[in-house]
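Protein chains in written order, with the numbering used here: chain A, 17 to 75; chain B, 3 to 453.
Just to be clear, a hint being listed does not mean it is correct.
[Stated by the list, open to error] Here are the simulated DMTMM-like cross-link-like pairs (lysine to aspartate or glutamate), alpha carbons at most 20 Å apart as the crow flies:
no.: 1; chain 1: B; residue 1: Lys319; chain 2: B; residue 2: Asp356
no.: 2; chain 1: A; residue 1: Lys64; chain 2: B; residue 2: Asp68
no.: 3; chain 1: A; residue 1: Lys64; chain 2: B; residue 2: Glu22
no.: 4; chain 1: B; residue 1: Lys83; chain 2: B; residue 2: Glu43
no.: 5; chain 1: B; residue 1: Lys248; chain 2: B; residue 2: Asp215
no.: 6; chain 1: B; residue 1: Lys57; chain 2: B; residue 2: Glu67
no.: 7; chain 1: B; residue 1: Lys332; chain 2: A; residue 2: Glu56
no.: 8; chain 1: B; residue 1: Lys12; chain 2: B; residue 2: Asp68
no.: 9; chain 1: B; residue 1: Lys403; chain 2: B; residue 2: Asp442
no.: 10; chain 1: B; residue 1: Lys266; chain 2: A; residue 2: Glu42
no.: 11; chain 1: B; residue 1: Lys12; chain 2: B; residue 2: Glu22
no.: 12; chain 1: B; residue 1: Lys248; chain 2: B; residue 2: Glu288
no.: 13; chain 1: B; residue 1: Lys83; chain 2: B; residue 2: Asp215
no.: 14; chain 1: B; residue 1: Lys403; chain 2: B; residue 2: Asp429
no.: 15; chain 1: B; residue 1: Lys248; chain 2: A; residue 2: Glu42
no.: 16; chain 1: B; residue 1: Lys332; chain 2: A; residue 2: Asp57
no.: 17; chain 1: B; residue 1: Lys83; chain 2: B; residue 2: Glu105
no.: 18; chain 1: B; residue 1: Lys57; chain 2: B; residue 2: Glu22
[As the list claims (entries may be wrong)] Using C-beta positions, here's what the derived DEER-type ranges look like:
no.: 19; chain 1: B; residue 1: Asp7; chain 2: A; residue 2: Ala36; range: 32 to 42 Å
no.: 20; chain 1: A; residue 1: Thr46; chain 2: B; residue 2: Arg218; range: 20 to 30 Å
no.: 21; chain 1: B; residue 1: Met98; chain 2: A; residue 2: Thr46; range: 42 to 52 Å
no.: 22; chain 1: A; residue 1: Ala36; chain 2: B; residue 2: Lys248; range: 27 to 37 Å
no.: 23; chain 1: A; residue 1: Ala36; chain 2: B; residue 2: Gly220; range: 18 to 28 Å
no.: 24; chain 1: A; residue 1: Ala36; chain 2: B; residue 2: Glu79; range: 40 to 50 Å
no.: 25; chain 1: A; residue 1: Ala36; chain 2: B; residue 2: Asn77; range: 46 to 56 Å
no.: 26; chain 1: A; residue 1: Ala36; chain 2: B; residue 2: Ile410; range: 43 to 53 Å
Calculated directly from the structure, the hints in this document are not laboratory data.
A quick note: this is a predicted structure, and the numbers were derived from the prediction, not measured.
Where is the CB? At the ideal position from N, CA and C, for every residue including glycine.
Take a look at the letters that make up each chain.
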Amino acid sequence: DVDMADDGTGGDDVYPAVVAPQRLAELFDTAPSFAMPPIEDMFYQVTKLFSTKVAVAAA
Amino acid sequence: KSSLDVRAQKAAHSKSLIFEPRIAASQNFQTLYGICHAGFEELCQLDSRFIPFGKTLFSEQSQYEDRSQMTEAENAELDKKTDAFLRLAGGRLRLMPTIKAIEWLIRRFRIHEHNTTMLLTSFSPYHTITAFVTLLSILPADLPHVYRFLDPYVKSLTHPPRSILVHQATHNPDFLATISAFTLDTCRAQQQYPALISFWGGIMAESVNGMLDRMRSGRRSIQKSNDQNLLHQIGPTISDALIMSKAPGLQVACYMVVAVFVAKGDLDDAAISALMEQLVSGWTAESLRPGLVCLSMLAHYRSAKQMSGRVTKALLKVQNLPALLSEIGKEHDIGKLTNGLCLALIDRVYKKGDTKGLAIIEFLLLASVLNEQQTAAVFKSLLLAAYKVDDQVNEQGQLRKDLASTIIRLSQVETTVRGIFMQAIDDTDVDLDALEMRLDIQLRSRALPEP
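When you get a sec, could you build the whole thing from the sequences and use the hints?
Here you go:
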């Protein structure tokens, strides 16, 4: 049988993201709530901060 | 005593969002009504949803309504109307007409005393504007428990910085629950506005991040129970927000919170799977793209590989899914989501005879969204499916033909993935001779005589 689990993304190599609270605060502190960029932009900025792709590149 | 009463009444009457206390104290309700009602009328012109309040909170009759003379039921009704008005007015708190209208509710119905929590909550996204400090200056000395943390700012008459609100949301579940309930209720009433969504999403994301840091424990049992507590605290809010299709902005804000929660918290598969299913059951055209990105983050932290039936069905309904995924894949790691989707689609092929997914699989295998191992695994599963497909789901042999032509096309591509496919063919334990006969195709290249 083909090993269906053999996809190289097994749970073992997925670690919780390490993001300093200040970095998240910086995203939201740029403007008051009524002058913030659209929520979708904020979402992408947050995901970039927390995605492992970026975390690896930054290391 | 009576002169003390009069002085107290005068002091109370002097609390105003607009006028100096000395001037406010001298105003009668008829004068005030004139000023405030003009603001209310302007609001009605901006948004017709304000009009019904003209028959209640802003009626001619309201000039003569005294809260202390009303029954308990009448007071409760007044509270309800006030809540509804403040939710609707929340989006326009930086406009003078709104402040004038709220001035009426403060002067006539003393909402700063009777509805303090609601009033402060509706002003909270605007904690940096002057009107917020003015509001602090007229509140009763004894603030509701949930807003007690504002005491130093009332005393100094300064803006509370955002960090204080985040700190409070992180450490006081009641405060986070208060602003969450206000936000979700406002969305349910279809009265949401961008400032509120940004405010809630930001505070929620940061406080979840902060709570996860705070609850970090070296002891596994404590960590486990902390994780459960947090899920218990914010899970219901997240679940409600995810399925609120009529408020796509709230959904996107919630995806932001979920992204933080899943990336940093140690959620178990059951919790992640539940979030995935809620997410896809609620998304709409407007929240779809960020929804897919969030879904891919959830998939990334789940140990189970294959997408569930519900998630797969929802993905199949998305128009241009393969193109959308490959576009998203340029910026985000969607490998695990794509991999799980492909495996689920292959499952549908040989269990249900549903070949709709084959074109999607073919596209995704060639779209560079999967890593090498994922690509090999999906291709192997395809071979295995072709081997296992039985005649029950394959009456006319069409299914087998479709599978065969997909596999042939893939094994003939001219890009670097071909090497992965060839290796996968070599690595499979499937009897290739039997498979080639079954499918009536040739998978392995043989030395052919020159024509």
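Take a look at whether the Cβ-Cβ distance between A/Ala36 and B/Ile410 falls inside 43 to 53 Å.
-> 51 Å, holds
For the pair A/Ala36 and B/Lys248, does the Cβ-Cβ distance stay inside 27 to 37 Å?
-> 36 Å, holds
Could you grab the alpha-carbon distance between B/Lys266 and A/Glu42 and see if it respects the 20 Å cut-off?
-> Answer holds: B/Lys266 to A/Glu42 is near 18 Å, not above 20 Å.
Has the given pair, B/Lys403 with B/Asp442, been kept, meaning a C-alpha gap of at most 20 Å?
-> 9 Å, holds
B/Lys248 paired with A/Glu42 [C-alpha distance capped at 20 Å] = The hint is violated at about 30 Å.
Taking only the CA atoms, is the gap from B/Lys57 to B/Glu22 under or equal to 20 Å?
-> Measuring from Cα to Cα gives roughly 29 Å; hence the hint is violated.
Taken at face value, is the distance from the CA of B/Glu67 to the CA of B/Lys57 at most 20 Å?
-> Distance of about 13 Å is within 20 Å: holds.
When you check the alpha-carbon spacing of A/Lys64 and B/Glu22, does it fall within 20 Å?
-> Violated: A/Lys64 and B/Glu22 sit about 49 Å apart, past 20 Å.
Starting from B/Lys12, check that the Cα of B/Asp68 is at most 20 Å away, please.
-> Holds, at roughly 15 Å.
Take the C-beta atom of A/Thr46 and the C-beta atom of B/Arg218, compute their distance, and say whether it sits inside 20 to 30 Å.
-> Holds, since A/Thr46 and B/Arg218 (Cβ atoms, about 27 Å apart) stay within the stated range.
Quick one, are B/Lys83 and B/Asp215 close enough, alpha carbons at most 20 Å?
-> Violated, because 40 Å separates the two Cα atoms, which is more than 20 Å.
Given pair status - B/Asp356, B/Lys319, alpha carbons within 20 Å = 14 Å, holds
Comparing the model with each numbered hint stated earlier shows that hints 2, 3, 5, 13, 14, 15, 18, 19 and 21 do not hold.
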